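Trainee: The working numbering numbers the first residue of the sequence shown as 824 and each following residue consecutively.
Since the hints were derived computationally from the structure, they do not count as laboratory data. This one's a predicted model, so the numbers in the text were calculated from it and none came from an experiment. Using N, Cα and C, we set each Cβ at its ideal position, and we do this for glycine too.
Label pairs and their in silico Cβ distance ranges: (1) 864 <-> 978: 34 to 44 Å; (2) 885 <-> 1043: 47 to 57 Å; (3) 1047 <-> 864: 52 to 62 Å; (4) 930 <-> 873: 26 to 36 Å; (5) 981 <-> 824: 15 to 25 Å.
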Amino acid sequence: MDELSAAIELLYNTFAEQPPALVMGCTNCCISQSELDGLITLPRRELSPASLAAYASNAPDTVGAEADYRYFLPRLLELAVAEAWGFPDGAWVLRRLRFVNWQAWDPAEITAVRRLLMAWWAEVLEHADEVHDEFDEALASLLLIDADSELYLQAWLSAGFGARLRLARFVLDKLHLLQAGAPWETWADQDSGPMLLRWLASGPPVNLLAEALASPEAGASQMEPLSDAWLLLSQLDGTAHNPK
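Just need the whole structure built from these sequences, with the hints factored in.
Mentor: Here you go:
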């Protein structure tokens, strides 16, 4: 079983005792009562993406209650990381976590949610050099919903060569925005910009770019962006190691 599948199973096991949802009403008519009624006719794991789409788009802030959301959460997150909907996309559904204080839940529940988030992030990092806007949205979403940002940044530093190329691209595309105090992504929390700027200036990111420049995996077309990004970060951090 891969890590993402294991994280999904942990969610179901951890929230196994959560009482079935009642799902009464919607504050802005985003979902019909017949759709709500349909959500309680089947076990949550058997609910189809289509039947959950409207709920996934709007819960927990405009429909139902936190108890309902907790009941559906394993299925919602399972479908989100599988990109089971065109809309809402996975990042949209994950961001709905910001409407509940999940980091104050039972420690086992926090662990289960965070393991899923970390497993999803690992999948994003694995394909970091193949996606662009999706990567930035994923990072912004995680920093928005989880105060423990160091977990995700450390995972970025520990990922493969593609994630290092993505770091270079991030520096080239976003550093000037971070330095200007401007929004760096549509869903970015206002506190994430200063935090990311401190992280980029902290040493490990620029040293990782130096390692990437010296790596045999670096092709000719990748040397320029890696070098340009390294130079920008080295001007922020006086402890940077020179590329070999």
